[in-house]
Structures are given as structure tokens and as C-alpha cells.
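Visitor: Two chains, each in its own frame: build the complex with the hints.
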Amino acid sequence: MEVYEHDRSNTMIKSVSSLRSLAPVLIVLLLLALVPLFSPSNRFLSLAISAGINIIALYGLSVLFGQTGILSMGHAALVGVGAYTAALLARDFDIGFWVSIPVAGIMAAIVAAIIGIPSLRVSGHHFVIMTFAFGQLLTIILTNGGDFTGAASGLDMGKPVTMFGADLDALPRFYLLVVAFVTVSAVASWAIIHSSYGRTLRAIRENEKLAAALGIDVGRHKIGAFIVSGVFAGVSGVLLAYFLRHISPGQFASFPSIYLALMVMIGGARLLLGPLAGGILVSFLPEVLNLDPVQSRILYGACLIAVILFLPNGVIAGIADGWTWLVRMSKRRPAAGNVSEVGR
Amino acid sequence: MDILLQQILNGLSIASVITLIAVGVTLIFGLTGIINFAHGEFLMVGSIVTWLAVSNGIAFPLALILGVLAVALMGFVLERAIFRFTLERPTNGFIVSLGLIVVLQHVVILFWNANQKSIPRPLTTVWEIGGVRIASVRVMVILMTIAVVAMTYVMITRSRYGRALRASVEDRDTAALMGIPVRRYITGVFVLGSALAGLGGGLLIALFPITPFTGGTMVMKGFAVALIGGLGNLSGAVAAGLILGIVEGLSAGYGFSEWTDAYSFGLMILVLLFRPHGLFGGTSGPKMA
Chain A
1 MEVYEHDRSN
11 TMIKSVSSLR
21 SLAPVLIVLL
31 LLALVPLFSP
41 SNRFLSLAIS
51 AGINIIALYG
61 LSVLFGQTGI
71 LSMGHAALVG
81 VGAYTAALLA
91 RDFDIGFWVS
101 IPVAGIMAAI
111 VAAIIGIPSL
121 RVSGHHFVIM
131 TFAFGQLLTI
141 ILTNGGDFTG
151 AASGLDMGKP
161 VTMFGADLDA
171 LPRFYLLVVA
181 FVTVSAVASW
191 AIIHSSYGRT
201 LRAIRENEKL
211 AAALGIDVGR
221 HKIGAFIVSG
231 VFAGVSGVLL
241 AYFLRHISPG
251 QFASFPSIYL
261 ALMVMIGGAR
271 LLLGPLAGGI
281 LVSFLPEVLN
291 LDPVQSRILY
301 GACLIAVILF
311 LPNGVIAGIA
321 DGWTWLVRMS
331 KRRPAAGNVS
341 EVGR
Chain B
1 MDILLQQILN
11 GLSIASVITL
21 IAVGVTLIFG
31 LTGIINFAHG
41 EFLMVGSIVT
51 WLAVSNGIAF
61 PLALILGVLA
71 VALMGFVLER
81 AIFRFTLERP
91 TNGFIVSLGL
101 IVVLQHVVIL
111 FWNANQKSIP
121 RPLTTVWEIG
131 GVRIASVRVM
141 VILMTIAVVA
151 MTYVMITRSR
161 YGRALRASVE
171 DRDTAALMGI
181 PVRRYITGVF
191 VLGSALAGLG
201 GGLLIALFPI
211 TPFTGGTMVM
221 KGFAVALIGG
231 LGNLSGAVAA
241 GLILGIVEGL
251 SAGYGFSEWT
261 DAYSFGLMIL
271 VLLFRPHGLF
281 GGTSGPKMA
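Protein chains in written order, with this note's numbering: chain A, 1 to 344; chain B, 1 to 289.
Incorrect hints may have been included.
[Unchecked claim] Here are the in silico distance ranges between beta carbons for each label pair: (1) B:GLU88 / A:TRP325: 45 to 55 angstroms; (2) A:ALA180 / B:LEU73: 49 to 59 angstroms; (3) A:PRO102 / B:GLY266: 48 to 58 angstroms; (4) B:PRO61 / A:ILE216: 54 to 64 angstroms; (5) A:ASP156 / B:ASP171: 56 to 66 angstroms; (6) A:ARG91 / B:GLY130: 46 to 56 angstroms; (7) A:ALA306 / B:TRP259: 31 to 41 angstroms; (8) B:GLU88 / A:ARG91: 46 to 56 angstroms; (9) B:LEU177 / A:ALA306: 26 to 36 angstroms; (10) A:ARG199 / B:VAL154: 52 to 62 angstroms; (11) B:ARG84 / A:ALA302: 13 to 23 angstroms; (12) B:VAL154 / A:ILE216: 46 to 56 angstroms; (13) A:ALA306 / B:VAL154: 37 to 47 angstroms; (14) B:LEU270 / A:ASP156: 34 to 44 angstroms.
[Said to hold, decoys possible] Footprint (simulated), chain B over chain A, 3 or more residues, beta carbon under 8 angstroms: (15) 134 to 140; (16) 229 to 242; (17) 257 to 263; (18) 299 to 308.
Because the hints were derived from the structure by calculation, they are not lab data.
A virtual CB, placed ideally from N, CA and C, is assigned to each residue, including glycine.
Excised from the complex, chain B in its bound form (with noise of 0.2 angstroms):
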């Protein structure tokens, strides 16, 4: 029983990360249609600069903001410069960012070679409630991603934006008439996603040391998550992120850890042959003219 809740809890910490990626791609592949396989990518970008303002002597949580602002204006500067112009061709959207993954892994090698790396944890504590042990860590994780998961929910569905950008997935040519400046929206969601990928490199990498190869397995869980939980819906990413977190812990704990990342993949395929709109329902993507 012991190990049973002390693996769940290690998979909830995963659980966030995963979720943090998946939110970002349900949101940016769910409302703006572009497929950026490069979002672990940013994700690693995030770990990557998050090391180095460690490693320069930053405290950890002015770290993680500059991780965050950093895969922001990384996401900004490529949404502007590459991805709009594959908005009508979400295929090439997808190539490119094939392109983008080898670019950006091996420029990281290029300055900061291929080797882990890791930072001290930024908490220490361990606490231990009948046999169970919680590390801070963990729980540090898990809470920041409830708070920022909970206000991206708040934004989308309850602001007058999230309102706007709901409308502009719907029909994009009728809300452009109704004055919503939809490409603004769309890159704004891009920039918004990619923070949210900032963020969990930040967060992955106080759990665990990183190379620049993670985000190859990552953004696969984190597409695997958002189509299990339906495309831009952002509760059903959250639950999904939440079972394959949990599975892939437990069966860790219980000695099938080479398997692990199968789950994900095979859980995806069998989500999309059955219920190609996910389990919990989504936007199978913005309905493109």
C-alpha cells in the first residue's frame, strides 16, 4: 500500500509535466491548427536556459520566469516568422517543425554539448507521513501546474478573449468580420502555449536531470495526452495527462519501467481509431476553409 501511494504520488509529478505539454499543444494544435511536433523541443529550450540561470548563480524561481519568458519569445519570433505562413497548410506546418526539432536539439548540443544536466533541487524537504515520503519537489510541481492549468481554464472559457478565441476557432472568416483580429489570436495562443512549454522544462528539470534529446519522448506523451483528451479541450487534457501519468508511475514502480513509454503511443492509437475526437469530446481541430 505504501508503494502503491508513493508511486502515485512520483506520477503525479510526472503527471503535471506531461499535462503542462499537453495543455500547450491541445491549445495551440486544438484552437490554431498549426501541429508544432517541435513544443518538447521548446520544453527542453526551457530546461536548458532554466540550467544555465542556475547555474550562473539566479535563484531557481527568478530561473523558472526567465525559462518561461525565454520559450515565450522563442515561440513568438517562430509563429512569426515560420509557422503563419503554413496556417493555410497545417501539413507543412508539421514538416517544418520536423526541421525545427533537429534545429533547435542540435544547436543546444552545439554550445552546451550532448551531456544531462541538472540543478540542485530548489527544495529540499522530504516529508514522510506513514512510510510514504514527499519530497517538496513534488508537491511544488504539482501545485504550480494546478495554478496555471486553472488560469489558462479561467481564461479560455470564462474571459471575454477566451470568448473571442472560442469564436474565432468555430468560423474564423465570420469572427474576423465580427472585428476579432483572429492572426493576433493565433499567435497569441502560440506564445501562450510555448510558455506553458517553458514552464514545464523549468519544472522537469528540478526533477530530473534533462539532455537535449527529452523532448523527443515528451512532446509525443504531451500530443498522445491531447488527443486522448480531445483537442482543445482543456479538461480532458488535464484528465488524460492525469491516467498516463499514474499508469506510467505505477507500472515504473511495479518493474515494467522499459514499457513505459509504449503506453502513451499505444493508448493514442487506440483513442484515435475508436474515438478519433478523443475520450472526453474536442475541436478535432479549427474547421480550415
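Chain A with its partners taken away, still in its complex shape (with noise of 0.2 angstroms):
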């Protein structure tokens, strides 16, 4: 859809050839996962817990506008195709977490099919505003579902979540389970990435009509990676109903998906751990400035403009290219002959 400079997604694809790209993600995470250690505040919890439940949502999503270079702007429907799985899983035929996962997953890849195959008969744009169709449709089919989906008041979760006989729902307990499905999602996209398959749907992205003419089917791998993403935002959608323990449709409209898209743009979608940088940033960031949510919505809109302007790769490719930037102008001044070099 969007061909940026060549050299500049050249150096990308060479950066993300190896092992290393994943390494400072499962750091990252290992991190992350020692934080319960330090006895934090439950508000510092739960923010952390609905920050990661977003991020495996965006592992798919930027598996979809990352790789493919498609954005759906219906991704958070996919998040309530999941949810409300669970949540009717545990209501109407008592079924718990563990199996709603897969469940949820396969019923989120099913919708997003749904979607996806006739939606991505067109193109670009258009294709742009079918999902943000969709996802307004799905919000008022689940509105005047009656009893079924709870209409516009939703559905409770009466079921806790337990692991071998433990019960999982005390918060530094939850997240923990939820630093493992990030870890597991982030894997699941770094592997995704370096498979054959990524690089496909990266071919599919730099250029379509000559991925097309080597002979790549661009209709089904771009359906494919609309699927993969769905996998992710209907595991996403399960924690989200066990942790919330009430959704409602309204939870699952346009604007949640406004807001994914946001995260993943911020963070960048690219790279790994773009939308682990992203999901923290925007769930963070009102905290850290100490604002009320009017004004962090302001400031979020604010930046994903200046974003999309100034650094359309995300925060953190930026990041990566001012520190190139740096370094190449540090070594430039002694030598200023040979810079050809320098550089990834």
C-alpha cells in the first residue's frame, strides 16, 4: 500500500533477519515479568494488565499493517468476537479459560474470514472503511442481539480463571498469565516474521503487482494475514472478558479500534517491539503526566498526527534512526571522507 525509501525498509528487513531482534523483546519481557517482586500498586496492575492484553492484539494487528501493509480499522470487533465467545462459553455451556482460548481463536479467525474475504476484494482505502463498516455493524448487531449477547448492557463472567488447580484472578497472579500470552504472541509474530511467509506478505507490501507477477497469490495471503490477525485479537478478547469480567458492546466499537491502530502506529509497526513500546506508551502516558482522560485523549490524537507526520515508523524505528543519525555524524567529524560505510 505504502512504498517508504527503499534503502530505509532495506535496512529494516536486513535487521530483523535474526535471532537478535527478538532477543531485546523476551529481555524486555523478562523484566516485565519480575515487576509483581516490587509489590506494586493494584491501579499500577490493572493499567499493566489492560496495556498487555492490548499489545496481543497488536501483535496481530501488526502482523496484518506491519507486514502486509493492510490496517483494518475494525480490529477492536475482533477483540469482542473473542470476548464475547468467552463469555457465552461460560455462560451458556460452562466452559472455562483454557479452552475458550483456542475456541475464541478459531471463532475471531472465522469473523475476521467473514470480513475479510469480501472486504479485501477492494482496495487500498476502500478496504479501510469496509473494516470500520463492519466493525460498526458488529457493534449494532451485538447492541440488538436481545438476551443472547446481553444487548447494550453486555454480558457478566462468572468464571474464574484457575491453573492446576490454582486460582489465577488475584492481580499479580493475572499478570503474570498475561506477561506469558504477550511473550507467547510476540514469538508467535517474531516467528510469522522470519518464515517464508512474512517475507511474502513483506513482497505483498513493497510492491503488489510484482509480488503478484512472481506468482504469489496476493488475494489469500492478504486474507491469511487479516485471519492471523484475528487469531490474536480473539485471544486477546478472552483475557479481556476474564480480567474486565463484564463487556458491553460499546467496549468494542470504532473507537477502541481507533485507538489499536493508534498504539500500533506509535509504537511502530515493523519492528517487534513496536507494539510492545506502543501498548505501554499509550497506557502509560496519562499515568506518568498525571491527566484526566479527556486531556490524554487530546494528547493521544495529538500525537498519532505528529506521528503519521513526522515519524512514520513508529516511535521506536524513529528512535532507531536518530540514533544512526548520532552516530554516523559522531564518526563523520573526525573522518570525513569515508561515511559511506557507516550505518546499518
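Guide: Written as C-alpha cells, this is what we have:
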């Protein structure tokens, strides 16, 4: 969809082509897993948990947007599919957390396919508008679903999360559970990026017609990427339902989708650290700056505009570029002649 | 039969506001390629300015003009400061407009809270003809919309500015070589579309109370209508706006009001799938290099 400057995308592909790109993410997650040792406040933990749940969905969005170059404005709706699947399974079939995870992933994948197969027939920005419309439509359906979906007031989640008979509902334990899921989705996303499948997706992103000419079934791979992003969203929805204990249609309407897109943009969709950085920044910045919700939303919006205009590859890539530039400048000063080799 | 006529009339006045948005969207999206989802928030700002002016004792017609001017000015500033940098990458422009939605909504909430806002009806006369109650304020909205859309139509299709504009949609580079200041036309279309949104906002608050979140649903309908009618196609937008407004009016009148918002989305999805250039044919956006 968007072709960035060629040299930049080349360096990016090179820099992610090894295990090195996974290491910083794993280190960060390991450090985050140690947080409960410092007995943080409940408020901190619940913020961190909702950030983590968003990050899982963001990893799906980064496969779709960062790798394939298609943007979905209905991602929160797929999170909603996961959340409602978990709530309905718990209410009607007495099925718990661990079975809900795969079922919700599959359900979200199916809905993603239902949305994706027709939507991806149209190209570029029309697709974005389509996903937006489908997201809104899903909210309307959930609101009008009567007793089955609990209408506008939504559904309650009655079941606890247990593992080997231990109750995981206490905040520190639930936090660790979320960190574990974030780790799994980061590794899954890393594996996708580094597989030949990921390379195919990037080929589509860089030049759709060329990819098609090379024999890549562009349409099928785009739908595939959309379905993969749906699985991430579904899993994150289950965690959300079990964390919040109550879900309603408004949580999955178009604005949550905008916030998810914002997080992935701010963090940068192409790097493995991007979703992690975006999710954490957007969740904690208002807390750090001590803003009320209205002010923080104005800040989000302004950040989104600034990031798109000035750092189209996200904050992390922006920092990395700035760092490379600094290094290059400092090396240039002593030996002004030989600079063409510097840089990644 | 009376109920049917009544609902068609009510539908027409809603259709008017939707048409005003859709005409703005169809001009901006269809002729400049800028996908401005914050168009609904432009409308909401138009409502808020009108509301502020009326609550400060300014007469409604003057308040309406103030609203239009304020939104046109806002459109000018935003196009010059933000959207012109996204012309080469429409998707970036779209994402920026999503950021604008959030900013505009919450700036309004910050200063004037999130509650419903309404003004006293500028015209209170209600005519009753054969059991059908015709509120004069609705007639005013319909007539103003007809006049403004007709003026826009003549401007785009008949004047030499309109011809230059359509030439620059067809081929930006050649148009620029012919001495058409393409960038200035893009700004002009954006400001015109914004002014129409401001007018729609001023008229909307004369009909219904609004909230800072009104723009969200209205812009989806505007985009739906613009896409159904065919991008850049003014008469298409008017026809599609009428269809949607009347369908919504009828379904609300016969007890399916909870589904009204679904029609526009459903219809838009179907049209995009089977007639991607709209029911009445359109430009599908300017040709990008």
C-alpha cells in the first residue's frame, strides 16, 4: 500500500533477519515479569494488565499492517468476538478459560475470514472504510442481540481463571498470565516475520503487482494475514473478558479500533518491539503526566498526527533512526571522507 | 398513509443534513483524494459554534453563518497545516483524520462538557395539511440544502473554475502544466467541503439536540452516501442521500429504529463489493502518480 524509501525498508528487513531482534523483546518481557516482586500498587497492575491485553491484539495488527501493509479499522470488533465467545461459552456451556482460548481464536479467525474475503476484493483505502463499517455493524448486531448477547448492557463473566487447581484471579497472578501470553504472541509474531510466509507478506506490502507477477496469490495471502491477526485479537478478547468480568458492545466499537491503530502506529508496526512500546506508552503516558481521560485523549490524537507526519515508522524506529544518524554524525567529524560504510 | 407521508417528510430533513455531509465528502475524497473521517467532527464543530452564538443572544441566521465561517476557517488551517503533507499517501491522511476526530471531540468536551446541547427552534410554525404536520424548520432545512447543493453543482459543472478543477482530477501534472494552480484548488475544495459540513452542523442543531459524539455516526453515513452515489458525483450523492434518509425515516416510523444505523453500513458494504464506483458512477478518487 505505502512504499517507503527503499533504503530504509532494506535496512529494516536486514535488521530483523536474525534472532537478535527477538532478544530485546524477551529481555523486556523478563524484566516486566519481575515487576510483582516489587509489590506494585493494584492500580499499576491493572493498567499493566490492560496494556498487556492490548499488546496481544497489537501483535496481530502488526502482522497485518506492519508486514502486509493493510490497515484494519475493525480490529477491536475481532477482540469483541473473542470476548463474547468466552463469555457465552462460560455462561451457556460452563466452559472455562483454557478451552475458551483456542475456541475464541478460531471464532475470531472465522469472523475475520467472513469480513476479509469480501472486503479484500476492494483495494487500499476502500478496504479500510469497509473494515470500519463491519466493525460498526458488529456493534449494532451485539446491541440488538437481545438476551443472547445481553443487548446494550452486555454480559457478565462468572468463571474464575484457574491453572492446575490454583486460582489466578489475584492481580499479580493475572499479570503474570498476561505477560506469558504477551510473550507467546511476541514469539509467534517473530516466527511469522521470519518465516517465508512473512517474506511473502512483505513482498505484497512493497509491491503488490510485482508480487502477483512472481506467482504469489496476493488475495489469498492478504486474507490469510487478516485471519492471523484475528486469532491474536480473539485470544486478547478472552483475556479481556476474564479480566474485566463484564463486557459490553461499546468496548468494541470503532473508537477502540482507532486506539488500537494509534498504539500500533505510535510504537511502529514493523519492529517486534513496536507493539510492546506502543501499548505501554499509550497506557502509561496519561498516568505519568497525570492527565485526566479527556486531556489524555487529546494527547493521543495529537501524538497520532505528529507520529504520522514526522515519524511514519513509529517512535521506536524513529529513535533507532535518530541514533544511527547521531552515530554517523559523530563518526563523520573525525574522518569526513569515509562515511559511506557507516550505518546499518 | 398519513404516517407514511409524515415519515417521508421527516426522512427528507434528515436526508438533507446527510446530503450536505455527503456532498462535502464526495468533493473532498473524490476530487482531492483526502479521506477526512473527521468530516463529521467538522459538522459537530459547526453545531457547537451555532449553539454558542445562539446562546449568546445572536439570531439564528447570523449564528448559522458564523458556524459556516468558523468551520471553513478550521478546514483551511487543517488543510494547510496537516492534510497537504499527506496528499501523496492517502492512507496516512486517513489515519491523521482519525487522530483529528479524537482531538476535536475531546477539545469540545474539555471546554463545553459532553452533555447534549440544543437551541430553541429558530422557526416554530407548524402547518397541518390533511393530517400531516409540517414543521417549518424542517422545510427550511430542506430548502436551504437544495439551494446550496444546486449552487455547488453549478459551480463544479458549469463554471471555468469547476472545469479547471475537474481537469486537475483527471491528470494533475497536465493540469498544472496548463497553468492550473492545482494545490490551491485542493485547498479550495477542502475549504468548500468544510463549509458545507459547518452548514450541515448548524442545520442539524436546529432539528435535534447534538452531543460531541454526533459527528461519528453522521460521517459514516456521509461516507456511505458518497460511496454509494459514486465519489465525486454530486447528483449521485444527492440521490443516495435521499434514498438513505427516507429508508431511515420509514424504518424509524415503523418500529425498526434500533437498526437505522445498520442500513447505511450494510448498503455501503454491498455497493463497494458489487459496484465499487457507486450506483451512479464516480471518479474513484483522483489518479495518483
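Visitor: Among all the numbered hints in the text so far, which are the ones the structure does not match?
Guide: Those not satisfied are hints 1, 3 and 16.
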